[in-house]
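Engineer: Listed here are the chains, written in short residue letters.
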Amino acid sequence: MVTLREVSVDELRHLVSERALTGETMLLNMGPQHPSTHGVLRLLLELDGEIVVNCIPDVGFLHTGVEKNMEAKTYQKAEVMTDRLDYLNPIGNNLVYCLAVEKLVGLDVPPRAQAIRVILAELTRIASHLLWLGTSSLDLAAMSTFLYTMREREMILDIFEMCSGQRMMTTYVRPGGLWRDVPVEFEAAVRRVLEVMPRRIDEYERLLTTNELFLDRTRGIGVITAEECVQWGISGPVARAAGLKYDLRKVRPYSGYEQYEFDVPTQSDGDVYSRYRVRVEEMRQSLRIIRQALDKLPYGPVRSNNRKFVPPPRSELGVSMEAVIHHFKLWTEGFMAPKESVYAAIESPRGELGVFLEGDGGPKPYRVHYVTPSFANLQIMPLLTRNHFIADVVGIIGSIDIVLGDCDR
Amino acid sequence: MGLEQKTAQMGVVTTTLEQMVNWARTRSMWPMLFGLACCAIEMMAAQASSYDLSRFGMELMRASPRQSDLMIVAGRVSRKMAPVLRLLYDQMPEPKWVIAMGDCASCGGIFNNYAIVQGVDEVVPVDVYVAGCPPRPEGLIHGILTLHDKVQKEKLTKWA
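Chains D and Y supply the protein sequences, listed in that same order. What the first sequence shows, in the working numbering, is residues 1 to 409, in sequence order. What the second sequence shows, in the working numbering, is residues 1 to 160, in sequence order.
Just chain D, same shape as in the assembly (with noise of 0.2 angstroms):
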């Protein structure tokens, strides 16, 4: 049996307040193993009565100490790590990291690639709102949403596992492109993606959104303004949801985005229902943008001509003793990057997903740091839970959609 030290009120006494002292308000404790936290996350809830007046979220549970393996491994090898932050955003990490690579040591991205990363990036974004939609809802007694999320889900994945052999942990973005180019099944699996999910969309909707039972849980639940989200560094569908037009694929765009039309749905409430509408409407603003590029997918290679960086083909070993050189150099030393510091960042599905690169000159990293939007989201926690009933507490968590892999990194 594992022995357990009791804590006392007074060791807590700078995070809550003067009536929990005297007991006249409740401490409760939530997580780390809680259904409904998302994963490994605490929460020290203080109570008066069923009302919360005080919330702190408690992170570190899933620290993994990624960004300092990275710093062991070369440029290209520590790739691997970065699918496993946030892992419902997989190709999303994979692209911001392979993004500071490249302006870093600043190496071209043929069109095609571009063009395969921002349709693998938004699937990504479909299949991380759907399984947000499925277990959100679920955490608000809404069962049956989670069962048709997934099973849309699982097409998605099925076309990661076509592209690159593994669901969820693809690494299929690299410095310079891509690993290879997309099989030929690759356009006629999309495009039943794209034939498919309006139809589902709809289907959720008709489940959730003018549903009474739902309504009364996630309405005025949990409201920020626009204002305090500028105040609190609050990015992504949190901050649209409360009217803040900021969405970095149209302010920053990367990977091409500039060339594709779509909307950046707002809502003006802020509070969880708002949040909800984003997200739904988030996911046919993403199959628009697969449409289009998905219809102007321009044919060429998938990597960069740039050998000092990037591998060359597989056919060209045997032929050329060059190409032998630059493939055993990258895969036993790595590349060099110069003495500079980049910063890059991207539009996750939870908000603005940043990489601060350092490079010493060598083959390593010096630094890697990775600015998460989970991170950021949950700081709101006690202003968004304050006064609710602890009940909504959970409709909350759900809300503003953490993934810990991300937060606690």
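Calculated directly from the structure, the hints in this document are not laboratory data. Since we're looking at a predicted model, the values are computed, not measured. Note that the Cβ used here is the ideal one computed from N, Cα and C, for glycine as well. Heads up, some of the hints might be wrong.
Partial chain Y-side listing against chain D, Cβ under 8 angstroms, derived [to be verified]:
hint: 1; residue: Leu33
hint: 2; residue: Gly35
hint: 3; residue: Arg76
hint: 4; residue: Leu88
hint: 5; residue: Phe111
hint: 6; residue: Tyr114
hint: 7; residue: Ile116
hint: 8; residue: Gln118
hint: 9; residue: Pro134
Chain D is already provided as a structure; the job is to place chain Y on it using the hints.
Structural biologist: Using the frame of chain D, we list chain Y on its own:
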């Protein structure tokens, strides 16, 4: 004619108590609703429509360790989480089993560093290891069936 009527006409079925109890245990093994990281998403996928764990009588994930028989350690266990995990294991009633799902839970996986416990077997006894990063839902189901086989072979003398 249904299976029930057919077997009823067979008359008496003889078996041993050992086999019957083990059979009952494998047919309604309730896992604990306990996800840690990436593997938890695949565990959810295994529960959901496409893979449907309820075929094995396991659709009921219990959020409370007091009501569960099987702990699926789905994901990497950090040093901060390890005592919590052990506490949850201690709170589960006997008989109980543990599946280490994925490379991180089995051996630390790609995270050989200061933060991650190098295999959850340092903390709790593991019955079945499922390889993969993350394992496919089929992989998890195979692990579960392997565990069922193992339970089926358990001896009466070993029951707690």
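Engineer: Taking the hints in turn, state whether each one holds.
Structural biologist: Going down the list of hints, with the structure as the test:
Taken as an interface hint, Leu33/Y checks out: its beta carbon lies about 5 angstroms from the nearest beta carbon of chain D, inside 8 angstroms. Hint status for Gly35/Y: holds, given a least beta-carbon distance of 7 angstroms to chain D, under 8 angstroms. The criterion of a C-beta within 8 angstroms of any C-beta in chain D is met by Arg76/Y, whose closest approach is roughly 6 angstroms, and the hint holds. Interface restraint check for Leu88/Y: the shortest CB-CB distance to chain D comes to about 6 angstroms, inside 8 angstroms, so the restraint holds.
Hint status for Phe111/Y relative to chain D: holds, with the closest Cβ pair at about 6 angstroms, below 8 angstroms. Because the closest C-beta pair between Tyr114/Y and chain D is about 6 angstroms apart, less than 8 angstroms, the hint holds. Residue-level restraint check for Ile116/Y holds (minimum Cβ-Cβ distance to chain D is 6 angstroms; threshold 8 angstroms). Given hint, Gln118/Y at the interface with chain D, is violated; its Cβ is 12 angstroms from that chain's nearest Cβ, farther than 8 angstroms.
Because the smallest distance between the Cβ of Pro134/Y and any Cβ of chain D comes to about 6 angstroms, under 8 angstroms, the interface hint for this residue holds.
The structure shown violates just one earlier hint, number 8.
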